[in-house]
Amino acid sequence: MRRNYLINTKPARLIAEWERQDAVLLVWPTEWMDWRDNLEEAVACYTSVAKTLLKYVRVIIVTDKRERVWEHLEGEYDHELIIVPDFYQNDTWVRDYGPLSIEYKEGGGALLDFGFNAWGLQFAANNDNRFCYNLFAHTDLFQDIEPSYRSERDYILEGGAIESNGSDVILSTTSVLCEPNRNPLRSESEHLSEIAARIGNKRVYSLDIEAMEGDDTHGHIDTIARFVDPHTILYNYTADERDVHYGRLRQLRAELIELQERVPSIEKLVPLPLPNPIFNSYGDQLPATYANFLMTNDAVIVPIYGDPVMDEVALGIIADHCPGRVVEGVDCRALIEQGGSLHCATMQLPQGYVNPKYFYLNNI
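Counting in my numbering, the sequence shown tops out at residue 386, every number present.
Incorrect hints may appear among the rest.
Claimed, not checked - Cross-link-like lysine-lysine pairs, in silico, DSSO-like; alpha carbons within 27 angstroms at most:
no. : residue 1 : residue 2
1   : Lys224    : Lys32
2   : Lys379    : Lys73
3   : Lys32     : Lys127
I should point out that these hints are in silico values taken from the structure, not numbers from a laboratory.
Start from the sequences, fold in the hints, and give me the full structure.
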């Protein structure tokens, strides 16, 4: 397979999450990942996520052994569920090492494979960094279709670090882009230009918001602020001055208002509440937010955290601003124990980006 390390110069766009999808990717947890201390709870959560998704979209689960998944999902979903075996990943956060889907303005598209080094060399990433290439090289998932594989592996960029309005705008955060162990010796403006050139969106903006407590990604945008359509951003906010996030979220609101003045297409800024703080066994606060939802066909799947008041408030706000979609909550307390949540654990593949024959194969 040809390996392309040239920077993209074609006008393109990062496809928005609310557009139609062929499938959603999941990577199944195993005992050699960080899930070993709460593997049973993690598997139960992934099972719940998969079953919820399968109401609306096909699901492709990548795992080391097919039996791990069949034990929990066998026989329920026929051809809507496909399991890809013999993949040995370092961890399950496929949002950050999975393929990013773009569409060229003159037609066609590509799945981009950016470099992944576990959020700035914090953890092992040797297998995760090869995930996209292995999907293309060793499965039929993307064969005989127009979107092509394009390597951008000389630049580190995680899927959770960027957010698209579906046309010309990408949002990110300065704390991630300028973190020195990802892509050193570049200025913020150089990072913004680099992403615009490689992906194709005309404008890339970075917010100066500090990361949520416990977020070892250094502040992924998908835990903070999300487009739900080309004109609306939902973002974390609290009016509680006692909350450790109070000051930084006031700054976030101010930055988004300034962004709205610069980007007239952004018409609505909608605050999302935070759940009551969740702590791990060491007393460290975990980065639980409702912004880490996934939009898929006819639905929005939202992480909830066993907070009966705030869970319902957040689900209601998201439903109000995603008309025509069913909004479902999935308890993600097991996921947040490892610092991620629902969006981090999933990666959507847009309509037309998966070989349609693939879904008629029960085994590959």
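Status of each hint after checking the structure:
no., hint, in the structure
1, Lys224 to Lys32, "11 angstroms, holds"
2, Lys379 to Lys73, "22 angstroms, holds"
3, Lys32 to Lys127, "8 angstroms, holds"
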